[in-house]
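Asks: For reference, the chains in residue letters:
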Amino acid sequence: MAFGHNCSGLQLGFAPYRLTGTVYGTLLNHSAAWDAVEGAMHAAPYKGPPKAPVLYVKPRNTLALSGDAVTVPDDVPELEVGASLGIIIGEPACRLTHADAMSHVAGYLLVNDISQPHPDYYRPAIRYKARDGFCPIGSASSSDAIPNPDQLQLRVLIDGQPAGGGSLQQMRRSVCRLLVDVTEFMTLSRGDILTLGAVAPAPRARAGQTVRITCEGLTDLLTPFVRAAP
Amino acid sequence: MMRSRVAFAGAVHDATPHVLPDGTHGVRLADGRVRAEHEVVWLPPFDVGTIIALGLNYADHARELAFDAQQEPLVFLKGPGTVLGHRGVTRRPADVSFMHYECELAVIIGRTARRVSRKDALAHVAGYCIANDYAIRDYLENWYRPNLRVKNRDGATVLGPWFVDAADIPDPAALELRTTVNGTLTQRGNTRDLIFNVPRLIEYLSGFMTLRAGDVILTGTPEGVVNVMPGDEVVCAIDGLGRLVNTIADDATFGR
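Taken in order, these protein sequences are the chains called E and L.
To convert, note that position 53 of the first sequence is 53 in the numbering used here; the numbers rise steadily by one, no gaps.
Position in the second sequence (first residue = 1) + 230 = the numbering used here.
It cannot be assumed that every hint is accurate.
Said to hold, decoys possible - Quick list of in silico lysine to any residue cross-link-like pairs, SDA-like style, CA-CA up to 20 Å:
(1) Lys-51(E) / Val-326(L)
(2) Lys-47(E) / Arg-375(L)
(3) Lys-51(E) / Arg-177(E)
(4) Lys-51(E) / Lys-349(L)
(5) Lys-47(E) / Asn-372(L)
(6) Lys-47(E) / Tyr-369(L)
(7) Lys-51(E) / Pro-323(L)
(8) Lys-51(E) / Gly-413(L)
(9) Lys-51(E) / Asp-220(E)
(10) Lys-51(E) / Asp-368(L)
(11) Lys-47(E) / Val-37(E)
(12) Lys-51(E) / Asp-181(E)
(13) Lys-51(E) / Thr-97(E)
(14) Lys-47(E) / Asp-35(E)
(15) Lys-51(E) / Leu-370(L)
(16) Lys-47(E) / Tyr-122(E)
(17) Lys-47(E) / Leu-370(L)
(18) Lys-51(E) / Asp-325(L)
(19) Lys-51(E) / Val-428(L)
(20) Lys-349(L) / Pro-429(L)
(21) Lys-349(L) / Glu-302(L)
(22) Lys-47(E) / Arg-367(L)
(23) Lys-51(E) / Ala-40(E)
(24) Lys-47(E) / Trp-34(E)
(25) Lys-51(E) / Glu-302(L)
(26) Lys-51(E) / Val-37(E)
(27) Lys-47(E) / Asp-368(L)
(28) Lys-51(E) / Ala-365(L)
(29) Lys-51(E) / Asn-372(L)
(30) Lys-349(L) / Ala-289(L)
(31) Lys-349(L) / Arg-422(L)
(32) Lys-51(E) / Ala-32(E)
(33) Lys-51(E) / Tyr-369(L)
(34) Lys-51(E) / Arg-367(L)
(35) Lys-47(E) / Glu-371(L)
(36) Lys-349(L) / Val-428(L)
To be verified - Only some residues are given here: those of chain E computed to face chain L with a beta carbon under 7 Å:
(37) Lys-47
(38) Val-54
(39) Arg-60
(40) Pro-124
Hints in this document: simulated from the structure, not taken from any laboratory.
Source: prediction; values computed, not measured.
Every residue, glycine too, gets a C-beta built ideally from N, C-alpha and C.
Work out the full structure: start from the sequences and follow the hints.
Replies: Set out below in C-alpha cells:
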C-alpha cells in the first residue's frame with residue numbers, strides 16, 4: 001500500500017512488520033519544549049500542566065519519504081522542524097508495563113514532524129500540523145541495533161549548517177515510560193509509529209532551504225523546503 | 231443504495247438490508263444468504279482512512295458546554311484503533327463520572343479533494359453513515375483539547391451500520407438526528423443547525439490537507455449528551471441512514 005500525497009515511492013510494507021501509516025506525535029516531551037511553556041501552564045487557557053501525554057495524529061496525507069520536498073505555504077515565512085525519534089510498534093501494545101514495554105518495539109526511524117508555527121497549544125492544531133507532506137519519515141533500524149534509544153543525540157542541519165538538535169536523555173518521558181503512559185488509554189498496533197517528541201527549540205527553515213536530521217545508527221532524513229508551484 | 235460489511239461463518243461479506251419473512255430487519259450477504267441482524271458481526275461499512283472530527287459544531291451543543299461559537303472549525307483527528315462497528319461494545323472505565331455518546335452525521339469522501347470550493351464540495355462525497363463519537367470528560371485537559379485520552383479511545387468511534395450512497399441523500403443539510411438510551415429519547419437535532427455545514431467543512435479541510443477516498447468527517451453533535459453506564463443500550467439514528475446500536479460495558483467485560 002502506498003501512502004503520502006506526493007511520494008509515489010513510499011511503500012510501507014516490509015518484514016518483519018508493515019508500517020500501518022498511523023503516526024501519533026507527542027507534544028512537550030523534550031525538557032526544553034516543556035520549560036519554554038512552563039511559565040504559562042497554570043494560567044488560562046491551560047489552567048494546569050498536562051498530566052497524560054499530549055498526543056496528536058499525523059494523518060496519511062502528511063506522510064513523505066526522505067528527499068520528498070515539503071511545500072511552505074505562501075502566507076507563512078518559515079516552518080518548524082520537529083526532529084524526533086519515531087518508535088515503531090512491533091506487537092499490539094495495550095496497557096504495557098515498564099517490564100514489557102520495550103519488547104513491543106520493532107525499531108526506530110527519524111521523523112521530521114513539521115509544523116506551521118502556532119500561537120498556543122489549547123486547541124488541536126490540525127491546520128498547522130496536518131498539511132500535505134508535513135511528516136517525512138526515514139528508513140527504519142531494528143530495535144536490536146538501537147539498544148539504548150534514550151541515549152541518542154539528534155542533530156538538525158539546515159543547508160549543511162548546524163541548526164539545532166538535542167539529547168534524548170532530556171525527554172521527560174523515556175521511550176519506555178511514554179509507551180506505558182500512552183497504552184494506558186489507547187492501544188497501538190503493530191506498524192504504528194509513536195514519536196518520542198521533537199527536540200527543542202525547534203529550528204525553523206524557509207523555502208529554498210534543505211533540512212537534514214541525523215542520528216547515529218539511523219538513516220539521515222532529508223527534507224527540501226519549497227514554495228508552492230505558481 | 232445501502233451496504234455494509236459483516237463477518238459471518240468464517241468470512242467477511244458485503245451485505246445489504248433485507249426484510250425477513252417475520253417483518254424484522256436482517257441482512258442479505260453478497261452470496262445470497264439471508265440472516266437476522268444479530269446473527270452476523272457488523273464491521274465498519276467502508277475502509278476507513280483519516281478520521282476527522284468536529285467539536286462544537288452545533289450552536290445548541292456549544293451553548294450546552296458554555297462555549298461561544300468559534301471563528302474556525304474546531305477539528306481534531308482520530309486513529310483507526312478507535313473504530314467499532316454496529317452492535318459493538320464500548321468500555322466505560324470504572325473510575326469515570328461522565329462518559330457520553332455523540333450522534334453525528336459522518337461524511338465519507340469518495341474522490342480526492344484538494345482546495346475544493348464549497349459549491350463543488352458535495353461532488354467529492356461518496357456517501358454517509360452514522361457515527362457515535364464517545365467522549366470521557368473526566369480526562370479533559372486543556373492541551374490540544376479535546377485531547378486523545380478523551381476522544382481517541384479503543385472502540386469508542388462507532389460507525390455504521392450502513393454506507394449510504396450520496397445519491398440517496400439529496401440534502402445532507404436536512405437530516406434529523408436522534409439518540410435513545412435504553413429506549414428513552416435523550417438527544418435530538420437536525421443537520422440544518424450545523425455551524426459549519428458539509429460543503430464548508432470540505433472547503434476548509436481541503437484548503438490545507440488533501441482528502442482522499444475513505445477519509446471520513448464526523449460533523450459534530452447537537453445538544454443532549456448524557457452520561458451512560460455499563461449495560462446501557464445507545465441507539466443513534468439519522469434520517470435515511472438507519473440506526474446504529476452500541477452497548478456500554480464495564481471493565482470486567484474487558485478483563486480488567
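Asks: Are any of the numbered hints broken by this structure? If so, which, sorted upward?
Replies: Hint check: 4, 8, 9, 19, 25 and 30 fail, others pass.
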